[in-house]
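J.: Residues per chain are reported as follows:
Protein chains: 2
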Amino acid sequence: MKDPLVIFTPSGKRGNFPVGTPILTAARQLGVDLDSVCGGRGICSKCQITPAYGEFSKHGVTVRDGALSEWNSVEERYKSKRGLTEGRRLGCQATVQGDVVIDVPPESQVHKQVVRKRAEAREIVMDPATRLYYVEVEEPDMHAPSGDLERLVKALSEQWGLVHVEGDLRTLQMLQPALRKGAWKVTCAVYHGDGLGPARIVQVWPGYYEGTIYGLAVDLGSTTIAGHLCDLQTGAVLASSGLMNPQIRFGEDLMSRVSYSMMNPGGHKEMTRVVRDALNALVSQIAAEARIEPALILEAVFVANPVMHHLLLGIDAVELGQAPFALATSGALTLWARELDLDMHPDARIYILPCIAGHVGADAAAVALSEAPNLSDDLVLIVDVGTNAEILLGNRDKVLACSSPTGPAFEGAQISSGQRAAPGAIERVEIDPESKEPRFRVIGCEIWSDEPGFTEAIGAQGITGICGSGIIEAIAEMRMAGLVDGGGLIGSAAQTGTTRMVEDGRTHSYLLHDGSAKGGPRILVTQGDVRAIQLAKSALYAGARLLMDQLGVDAVDRVVLAGAFGAHISPKHAMVLGMIPDCPVEKVTSAGNAAGTGARIALLNSAARREIEGTVGRIQKVETAVEPRFQEHFVAANHIPHKTAPFDLLRAAVPLPEPSFNTGGEDGGRRRRRRG
Amino acid sequence: MKDPLVIFTPSGKRGNFPVGTPILTAARQLGVDLDSVCGGRGICSKCQITPAYGEFSKHGVTVRDGALSEWNSVEERYKSKRGLTEGRRLGCQATVQGDVVIDVPPESQVHKQVVRKRAEAREIVMDPATRLYYVEVEEPDMHAPSGDLERLVKALSEQWGLVHVEGDLRTLQMLQPALRKGAWKVTCAVYHGDGLGPARIVQVWPGYYEGTIYGLAVDLGSTTIAGHLCDLQTGAVLASSGLMNPQIRFGEDLMSRVSYSMMNPGGHKEMTRVVRDALNALVSQIAAEARIEPALILEAVFVANPVMHHLLLGIDAVELGQAPFALATSGALTLWARELDLDMHPDARIYILPCIAGHVGADAAAVALSEAPNLSDDLVLIVDVGTNAEILLGNRDKVLACSSPTGPAFEGAQISSGQRAAPGAIERVEIDPESKEPRFRVIGCEIWSDEPGFTEAIGAQGITGICGSGIIEAIAEMRMAGLVDGGGLIGSAAQTGTTRMVEDGRTHSYLLHDGSAKGGPRILVTQGDVRAIQLAKSALYAGARLLMDQLGVDAVDRVVLAGAFGAHISPKHAMVLGMIPDCPVEKVTSAGNAAGTGARIALLNSAARREIEGTVGRIQKVETAVEPRFQEHFVAANHIPHKTAPFDLLRAAVPLPEPSFNTGGEDGGRRRRRRG
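Going line by line, the protein sequences match chains A and B. Okay, so the first sequence: first residue is 1 according to full-length UniProt numbering, each after it adds one. Okay, so the second sequence: first residue is 1 according to full-length UniProt numbering, each after it adds one.
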């Protein structure tokens, strides 16, 4: 008689196995992805499966009662002690008795897909570099002496097929008590490295370790540091936390930090200390939030721009402040936590993504990992908006990258009523094209300013200023309402027919909100604000345009706005301002903090590390700082949306009146002064 | 016409090369061992060679004037600036012009043999793991951005054929200033690892580094710590230094240190700190002696017994105090200096030899490396005499190892007038078989006590006691002079006919020296001293005998006495005492501090590390602590020289009178008491 047929779903893998074969064994032989930490001893319950009964015409099989063995004592004990979902069995205990269909639920798969909040560019499939293994170790024999470590390594090889495993010094220090406390049974966390070097035992727990191991993905930005604490087995994000980069006190932007280092001998060491202290504050904050021991964080991934990358590593970033912007290293790095003085597990492995170029860092590499332009069929432009914008353009044939110095205007700096994106900041703006009256929304309040209950809703917090996304919308709305002309000049009350236009010397401002009656601020969009945004958006556009030149294209198929700030930009308004090239508005999407997502992917999927290392090597770099055409593109992009590019798709979608307020006012006046 | 013939001596390698080929190039192509750090740029002068002219019938070649090119400007400049021995040329500058014989002097060979002070078991051939490489690195190009490290690695690959080289974090921190200061020319110290992992850049100097790099070989003993500072390029020992192991305050012998750790929670951490502090004192002392920066020590090798091995590593040694004496690890270890808090180059690689068993440590492995029993044609017994003796027995077919707890008597402890081997200690003893009068020598004085000028020569230092080698000689001489019988009883004045026998209760002592007239000590050999030495020597003999049983032999071909103490033992006296099995006295040699020599071999020759790792795996371990026959052998060996073993070879060489002093005295008395 033929051996019973075992069919696994969802993989569809099938095979015949002798009666009595445990389901876990069958799964392993077929290469079915079924998890196990205890190696089939009925302890970990990671191999839970659901047998399906009845007729399956699709599979050509009928599963009868009794297709699996009766519950044995191990299974019974497990169920009574810890509970087991109805219909579930332990794959290592239940054995094949007849033809059977076995469903492997997602949580029993090693390479499970991580559940994510939004439709994102790519799925994260679990493939962590650090994994848990339960082993039973031979006891020492004085007649055939060998080290406890050597016997543990042998057990990992024999019971798990792990070859070339080594122990760190700390492993040796903890090993002997753990083995004896666990009566020669221990759970090891093993870091698998890059496949070239040996795997290494990071931690040893007596007996079966029931706890969780954690990983931390960190986006180390110039202004903010954001971290996500993940479960290294399920991939779940357990806590997220952020704090300001305390290096701000050495300079708001990166170049002023480089200058600090140039002017102050040893200054880079101080900045390194400060950023590592901040990372430790983040670790402690996020561990407290998740109520875990920081020592259980066994891996971390860092992404950062080149200057932060170097300062984190204790490398003077002075070379990044001058051509040819040489990186100390462009490659990916794997370090020990203690090499960076980080307060997590001292042997936690820190993976730092590769840098693309002197101005395009590991953060941009993380964006490339998350958004995968190299896998895109259509031509995608990815813009990570920040003080320094990173720009990627490409498809599966070729990917180009550059950075562009947009300055801090998009983050609310250099704006008259500008502020960081925080409660009280105006973040959304609409201006009625007829009445020229504005309405807006404020961070921390869901109600628009012209809706009932708004005043009560904002309450004591009040309206304090305007943040980056708010100023972009305000100026774009002013342009659409005919209050700002293509050259960026704000019209007067007479020219626009609204008393919201306030005279300010030779220029005019638009009064967005007047809180002065209640002691609050008057929030105006000034001519200076428009000029600051024009400079920033011109730099962004010029960078993107330079890459398009390099690729020989005049249009892109889609645009992705990345970065914490990019997530809040309205595509339509960005397009009206001419921040990005013309493109169907529905093809402009936001990727949120793509750099952070990239860090998380690299944390949870070690193959992704090898992937991005390869991708970065193939990305073609363009250095904007020394490219003469960048300057040309920058000047032409000063116009709103653009002096020469037609922006036909945009014009078809939104009204773009073309008044001209240049009557010898601001710009004319300047010209006259120059002449005189 | 045929290309000129180039013959290298002493290798005899030969080949034809086109006119104009640099001698260094010809050497490399033929695989001739010719050193170079600068890669043929005429900077380092490591490739110096001596052309030989005239007729060489042996080689069938005539070398004419003009067989090498004229001196070029590089060679001239080098010679005028730094000098060049008459007849020498720079191999990278001188080119082939006709048939030529080229001698490669020893100092121009990478794998040169280290000059050693005495005929030792094996030569040391240089093959250091850390080497210097001078490279010229491509300058950064912002249009093809890559890290400075990546271009350095490329240069090492292209200019030296090094593949898979990585940089440590510290390399990254020092790299950029070094490259710029050296105008893109740097010298790197590269650690080559075990051939499995990547090579790693440890240090980068701007330009050509003219200095030396150093290695430290350390024998970490229970009582003393000894270090040798070596030049990693020539192998020369530049300084040697030693200090007491400060752990002595936790216990004289190893087991009392293990007990300290058992009785005092955290005690092992204290012992680790203390021994690491002592190692740092040694480093600082030896660096001062050699007038070098400790940061230029780029490698160190440690050998130690298992307890010291574990305590150095920060592992609680408690398991080594009880059966089954499980080591935390038996394998060799490679660590960073900073992992052990050592004040040398922070990335210096520390290599620790493997341990053989729970009682037979890395020090015994080092003895095996130095004395190479596994390569011996005849059967050799190697005894490393100390508080705990390590014993190796074997030949190229098989090697066995055990340890034996001899106790501290051989080091002068537990001896009535015992003291450490230091100035003032009696170290050599002769007793006239007729007159029974002694003469002796004292450490620090070359004159025998019965020679003219002795009193003046010892001067104020005086005669303070008797050291280990002194007590061994004293008792053996007493045995040969008929003052001690085979059972170990000291005879009375009446029995022996000399007034030097002093009554002491029921037993007698032999007065070796009476300094009381000058206020100095009376130095006696007491019955207790003989008993203590009998216990120690029985343990030593029993261990050796156990290994002989295991191998099925009754005699060994030769005996090697190792250990700092072993170097001072007179083979004849050791044999008379029966410390070692019977053997022709001329076949008993001393290897000095073989463990220290083994450490030095592993430091200077990285292939030796792989060799001893393999050898240790094949050594068969015997655990004396639980072997019943050990006890039998121990009892039988109490007799001097032995109760049952004939010691015929010894008896043929020296007089061994057989008096019996047992007349109901000490031993008889004891027996009576038991009966009563």
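Worth double-checking, as some hints may not be accurate.
Covered stretches of chain A (in silico footprint by chain B; criterion: 3 or more residues with CB under 8 Å from a CB of chain B, positions within the stretch not fixed) [unchecked claim]:
| id | region |
| --- | --- |
| 1 | 132 to 145 |
| 2 | 321 to 330 |
| 3 | 427 to 437 |
Hints were generated in silico from the structure; no laboratory data involved. Using N, Cα and C, we set each Cβ at its ideal position, and we do this for glycine too.
J.: If a hint holds in the structure, say so; if it doesn't, say that too.
T.: Structure-based check of all given hints:
With 7 residues having a Cβ less than 8 Å from any Cβ of chain B, the region 132 to 145 of chain A passes the three-residue criterion, so the hint holds. As drawn, the region 321 to 330 of chain A meets chain B at 8 residues by the rule of a beta-carbon pair under 8 Å; at three or more, the given contact holds. A count of 0 residues in the region 427 to 437 of chain A with a Cβ less than 8 Å from any Cβ of chain B is obtained; the coverage claim is therefore unmet, three being the minimum.
The earlier numbered hint that this structure contradicts is number 3, and it is the only one.
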